[in-house]
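Number of protein chains: 4
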Amino acid sequence: MIGGGQGAFIGAVHRHAAALDGLYELVAGAFSSNPDTSRASGQLLGLRPERVYGSYEELIRREKELPADERVQVLSIVTPNHLHFGPAKLALENGFHVILDKPMTFSLAEAKELQAVAEASTARFCLTHTYTGYPMVKEARQLVASGALGAIRKAYVEYPQGWLSTFEEGSANKQAAWRTDPSRSGVAGAMGDIGTHAFNLLEYVTGLSVTQLCADINTVVPGRQLDDDGAVLLRLSGGASGVLVATQVAAGEENNLRLRVYGEQGGLEWQQADANTLLVKWLDRPTEIRRAGTGYVSSFARHNARTPAGHPEGYLEAFANLYRNFALTLQADLAGTTAPPEALDYPGIAEGVRGMAFIENVIASGRSEQKWTEFTI
Amino acid sequence: MIGGGQGAFIGAVHRHAAALDGLYELVAGAFSSNPDTSRASGQLLGLRPERVYGSYEELIRREKELPADERVQVLSIVTPNHLHFGPAKLALENGFHVILDKPMTFSLAEAKELQAVAEASTARFCLTHTYTGYPMVKEARQLVASGALGAIRKAYVEYPQGWLSTFEEGSANKQAAWRTDPSRSGVAGAMGDIGTHAFNLLEYVTGLSVTQLCADINTVVPGRQLDDDGAVLLRLSGGASGVLVATQVAAGEENNLRLRVYGEQGGLEWQQADANTLLVKWLDRPTEIRRAGTGYVSSFARHNARTPAGHPEGYLEAFANLYRNFALTLQADLAGTTAPPEALDYPGIAEGVRGMAFIENVIASGRSEQKWTEFTI
Amino acid sequence: MIGGGQGAFIGAVHRHAAALDGLYELVAGAFSSNPDTSRASGQLLGLRPERVYGSYEELIRREKELPADERVQVLSIVTPNHLHFGPAKLALENGFHVILDKPMTFSLAEAKELQAVAEASTARFCLTHTYTGYPMVKEARQLVASGALGAIRKAYVEYPQGWLSTFEEGSANKQAAWRTDPSRSGVAGAMGDIGTHAFNLLEYVTGLSVTQLCADINTVVPGRQLDDDGAVLLRLSGGASGVLVATQVAAGEENNLRLRVYGEQGGLEWQQADANTLLVKWLDRPTEIRRAGTGYVSSFARHNARTPAGHPEGYLEAFANLYRNFALTLQADLAGTTAPPEALDYPGIAEGVRGMAFIENVIASGRSEQKWTEFTI
Amino acid sequence: MIGGGQGAFIGAVHRHAAALDGLYELVAGAFSSNPDTSRASGQLLGLRPERVYGSYEELIRREKELPADERVQVLSIVTPNHLHFGPAKLALENGFHVILDKPMTFSLAEAKELQAVAEASTARFCLTHTYTGYPMVKEARQLVASGALGAIRKAYVEYPQGWLSTFEEGSANKQAAWRTDPSRSGVAGAMGDIGTHAFNLLEYVTGLSVTQLCADINTVVPGRQLDDDGAVLLRLSGGASGVLVATQVAAGEENNLRLRVYGEQGGLEWQQADANTLLVKWLDRPTEIRRAGTGYVSSFARHNARTPAGHPEGYLEAFANLYRNFALTLQADLAGTTAPPEALDYPGIAEGVRGMAFIENVIASGRSEQKWTEFTI
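Chains as they are written, first to last, in my numbering: chain A, 2 to 378; chain B, 2 to 378; chain C, 2 to 378; chain D, 2 to 378.
Among the clues, some could well be false.
Said to hold, decoys possible - List time: in silico BS3-like cross-link candidates among lysine-lysine, alpha-carbon distance up to 30 Å:
#1 B:K372 x A:K372
#2 D:K90 x D:K113
#3 C:K372 x D:K90
#4 D:K113 x D:K175
#5 D:K113 x D:K65
#6 A:K65 x A:K113
Calculated directly from the structure, the hints in this document are not laboratory data.
With the rest of the complex left out, here is chain A:
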């Protein structure tokens, strides 16, 4: 693991996710750019001291010197955005599989360069767009793909949070500090942090691509350096259209990502606050409540649940599904077989590049007086 030392939020989440299914063992880390913090974090996590490193370069160099069956196989990179590209590139170049937190890089240019590196590497790459790991998000994608809803016409995605309603970066909140700092986050704040999740979810479920967008991007809290709020009109491939809302100043909201998609024959609705449910709506018959863990859902939904219906699985399980599917894919590689489509269904480099393109296009649109901005990569 690179990053994720004491006090980090997402590092701990990655560790829970990796641990849940017993398919990963944490054996080495460079947990902080401060060697003392890295060492202390490694100790707390029960690592052997010789495998706790002071930098990602050192980790990769030294682990590579170990015999193949002793060295780390997968590197989880959980640093702030500006520290994604360097370790991911070096890891891939040295044949280590990479699990990288989103958004993929600091800029679209980096993303495209990383894509080239990944394509040239024998190693595999996974980007942790958590929300596509939920069983009922899988079900939603399969439902659209089945054609049962008819051609898709509308997609609405919203991601309201309230935790940046005040000037949190002026307090001791480390999460707020780096996420609102352009030198660490990149050109976008809310749009990078949560807008990319919303964008990814919409494209994943609909199977469509954003082709044009028109954004209203705001910095609501005085003194803040990056956007904390935005709304975006979308045009999608195939003639559909949509709306994306991402805000971190919706005071009183938690983290309620919500997607609605409508086709000619019906629609679907999923929200993280009720993650084990997918509502399926029809023109002339009752809405269905489809539930995770049941016998009637698709193989993709079944594959990503661990318990029978009525045992709620949540955010950590969705995150763990990414780790698990990546592991199953790597195990198939090792066994010389092909992983089943359900295991191969995890976000990768292409999603990362599109996410970075979203960030740059949406910020550009926000600054433009022109209505529609082409989605360019």
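Here the structure of chain A is known, so what remains is to put chains B, C and D in place on it, guided by the hints.
Chains B, C and D alone, transformed into the frame defined by chain A:
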């Protein structure tokens, strides 16, 4: 009553709303431009034949000839949009109070002319923006006005329907026929039919005005003549911003108008599907479920409920609240007193003019390549 | 109308319910045992003074002297329980149709006597078990009757309220005063006031009869004279079983009557707080959300809704459905035709007798050390 | 681990729960009474072959021979009920800490004997009543303990499932087979499997004890040997009363454990289907939606959540909280310190004895014609 003959939807709703509190008696009508239909409708409703007229002109002329204590006092006009202006103007000019279905007129120009007529008339005017009649919408407005949420930053309003997902106007559906016909509806379809409700609700609750908008307006169903779908970015007075969504092609959706508003300290959420509940959200404390009929709500919410908490009141009661408040205001006029603010709180001519301006501005924006369109009247 | 003077709760509800559809006109009343209160109430309601009476005896005698086409046709009796039997009996004996508030009488003996009177009378009788007036309760009954759920095995009904959590009868609350007073309510408090509603709903929807019961009946609030809380184990005809809960000391609860029924193949759930929805659950497929006002519900559900799906109808509409169905039945009688089954589906004398038997049996069981008490009439 | 071989449900759940926080490592097991199955299961789980045993006796004997810092420290026992007592007793007698699945034993007599063993042992004991591991169940208990609701008057707990609506034990369903078999489950079916959870939850949150009960116990599905359905009237210490419902024939229900508790001043409601929410109801103010992961909840709720509000945690996390708290307690023991009360708050031997007493008392009451059965141990 003018319009609302056999087969009409909203005419029956108006009659239920007028009847519920026993404050109105239906005594005369011109229910259809077809005299036979008018007569048959009047008979079904139990009216005396001599007070069922063949046209609104006849009704107003003949009723005016009756002694003051026998003639109708209030005229409900429930015709399609293109037939609002004529009877409303004539009624006001002849001193009859008017209750008019929304949107107020066929065009903004008509609306402004009607406003001038209304201001010159001694008669009162009510526009049936139903949704502001709900007790918990009243509570929402009072909450914002109290300042408890702090300055408003964001407002999201959405009005998804699915009933025009197919080419209904090609069937025998009379509602679909006139609502999608530009010669009867005006320049807008969905935006006029339900977008104006959403717009009115947002301005009513926030107390803010839309100042600029950027609209994506679509006609999704092939062959349709007017918009059936739209999404609009909003800029609001005081620096707030928002999003308005109105669509009639969200297959499987019923009629779920929903509003969310966020200020510096908290937010609120109301939706028609759970109309007796207002969610009030706070930065650092639990969300409150405020309920209609309780003892703790504002005088405006209390005034607009008929039963104790736990006895759900719905759409007809909200509609009836407009009728009731209008009647209480007229009774106060007759008694030479001033109606209390709770009774005076019904939508009027100003809301009607803004609604028509919304229609024309939003359609203009939808056709424009320019991002922001000024909201002009 | 008999009873329902100023300050009464249920009288106003009856008037709204009667008014909503324009099928009744309030023309006469004996609103209070105090002639002054009766007169003042009649004046407020706009009645002609000569048709406001000082007692129900006077009302019935004098109205009967009027020509048949001038006298009242239907008498609504909305007095406290101890004043149900007298006016209902006299009205039926004199050929006036009766709408009576529940529970039907003060005692089971009275109920059986009233049943004999009703059966000997040419007049019709309706008992206002409101909750069976909801469209989705109708749908529930039809679903069970269709056999789609298979043989019914379990039924759970609960009616929690919190308004008697404190010693309200010690305050100026008139509702609390008579409902907790054995000389006006009868042998039961909560079990009579709301337990009978729950009992009626369960028998109505399941089509089964309670055959044995085992009750835990409590008076929770110190000083109270009647039960304010109870739970009852039920055995039902056909081998099913169930639980009935009715309490008025569930602090913080409003009025959330809720029913769940399970058969061999699936189950159903309805609750008043979401009255326009019926959840239908199946062994191996998604739960359905059936909604009032849609095209796919049964003719009974359709008949009892006034608006399309998505326009919530509530308690007053459910109440009005009883009035409307009774009126349609009487109109059919007058026309010499037979009302359709949808109109004839309103609660009558048999339901009233069973409700009174429930009260007496459940209180007896509460006092017994024997486990099961036979349900006897 | 003892039990939990291939095909077992709860064994996998225990492994996820143990893994999630990285506080346990699975190093040894006797996964089946069939040595081949045990070996195969161990291999799949990546254990060293020499630590996969053919029986629990062998495991305990051989592990004890290992040096103290190499042997297993904690034994998870996840066998069917009739195989709980033997390994638990032997483990405790040999100083191994025990995590045991519920219900604790096959009979109350065994439970009391195990209690004596546990009290004489230096080892610690945890019983996996999962549901008390949820953060908002902790919050509920703390809320009651704080006195904010006043003295508790009513408690309703229900646990409806539908998976045994048909004769599943006649199919290949191993879960159904042993859970309906008196030789493996004990005297109770549904009451032992889920009734004990409901009972434990009620006593845990209210802090009250069941003192008397009156049960209706049914075997609904023909051919079944044990109860699959029951409803129980409860009398609680301190004068409160309640109802417990547990059924496995509520066709279409998943696993929706739900608790409601009411005191003099307010009430609370929690259900597993919305596990991160606790509704807190008050006499005269709005219901509060308290949420896991927020800053305002009690230290007990905070301690048992891993992520901020809005990241749903579910069943596996609740289960993992038991494992984590047990581990934290053992770590404190090793460190010679006292674990904080939040860590010590896991179910133990006393809860196990009461659970077994519940089973025997409730089945006895079900067979009795006497109304109230004393709760005896």
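**Q.** Those earlier numbered hints the structure runs against, lowest number first
**A.** Hint 3 is the one this structure does not satisfy, whereas the remaining hints hold.
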